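Put together the whole structure using the sequences plus the hints.
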Amino acid sequence: MPQFEIVTTAEREDLHDQFATAFKSSWPEFIFHDPVAHQFVSAVQERFARYDITVVSDNHVVAGGWGITLAWDQTVENLPGGYDDALVRALSQLDSSRHDTLSIMAIAVHPRYRGQGLSSLIISELRRRAESDDVPHVIAPVRPPLKSSYPLTRMVDFAQWRRGSGEHIDPWIRLHERMGAVILGPAERSMIITGSVDEWQSWTGMLFPQSGAYVVPEALDLVVFDCANDTGVYIEPNLWMRHC
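For the sequence shown, the working numbering assigns the number 17 to the initial residue and increments by one for each residue that follows.
Hint data in this document are derived by calculation from the structure and do not stem from the laboratory. Keep in mind that the hints are not guaranteed to be accurate.
No farther apart than 20 Å at their CA atoms in a straight line, the calculated lysine to any residue pairs in the SDA-like style are these [claimed, not checked]:
| id | residue 1 | residue 2 |
| --- | --- | --- |
| 1 | LYS40 | PRO233 |
| 2 | LYS40 | TRP188 |
| 3 | LYS40 | TRP219 |
| 4 | LYS40 | VAL72 |
| 5 | LYS40 | ARG63 |
| 6 | LYS40 | GLN217 |
| 7 | LYS40 | ASN75 |
| 8 | LYS40 | ALA53 |
| 9 | LYS40 | GLY131 |
None of the values given here were measured: they were computed from a predicted structure.
So this is what it looks like as structure tokens:
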């Protein structure tokens with residue numbers, strides 16, 4: 017069995033390029049063109065370095081995850097609008113002493129190391145760090161990968177789909193639930209990605225010859241194109257879940 021070491025990404029700057037390369041396959045290309053995430057990436061890495069962790073084995077990056085802290089009053093109504101809004105809220109709340117909630121934003125595992133419990137390891141480590149920092153609550157804007165097979169289904173409906181055993185049909189939601197998380201509700205506008213028709217064609221390898229809504233591989237909802245104005249807009253829904 018390989019030996020795993022958990023470090024902050026800031027502690028191993030020598031692995032930054034390796035981290036980016038290793039996890040490029042974890043998400044579709046268009047996800048990396050979210051303008052809000054791009055705007056705040058440097059500030060997040062600086063302000064929340066403690067919650068930006070990398071799992072290393074034999075000096076190779078095998079997994080990683082990161083989160084941010086923010087203030088939340090524990091009501092569904094007061095949840096951030098989603099991934100993008102959580103970033104904005106966390107970085108606009110300058111008094112971090114009032115931050116009582118960790119939002120786990122993303123986790124990725126190198127394809128060669130999947131199935132070894134590394135996602136659970138990262139979630140557990142982020143929760144442990146939050147607890148040791150007196151941050152009592154943990155939430156996550158979960159991106160259920162199986163939802164991409166049902167882009168016409170609303171997230172609020174998909175969230176209720178379960179097997180006969182009672183477990184959720186989506187493997188990522190299922191993992192969170194096995195670790196004690198509960199579903200709070202959909203984040204219908206978690207991330208908004210806009211690009212030109214050419215950009216979307218390069219991101220997806222598809223053609224979009226006329227205006228309309230398209231099913232795009234790995235997209236959780238339809239991508240809507242207005243060819244006259246040379247724009248394609250994707251509004252990604254996520255699912256808020258609460259660990260504690």
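Go through the numbered hints given earlier and state which of them the structure violates, listing their numbers in rising order.
-> Number 5 - this is the single hint that the structure violates.
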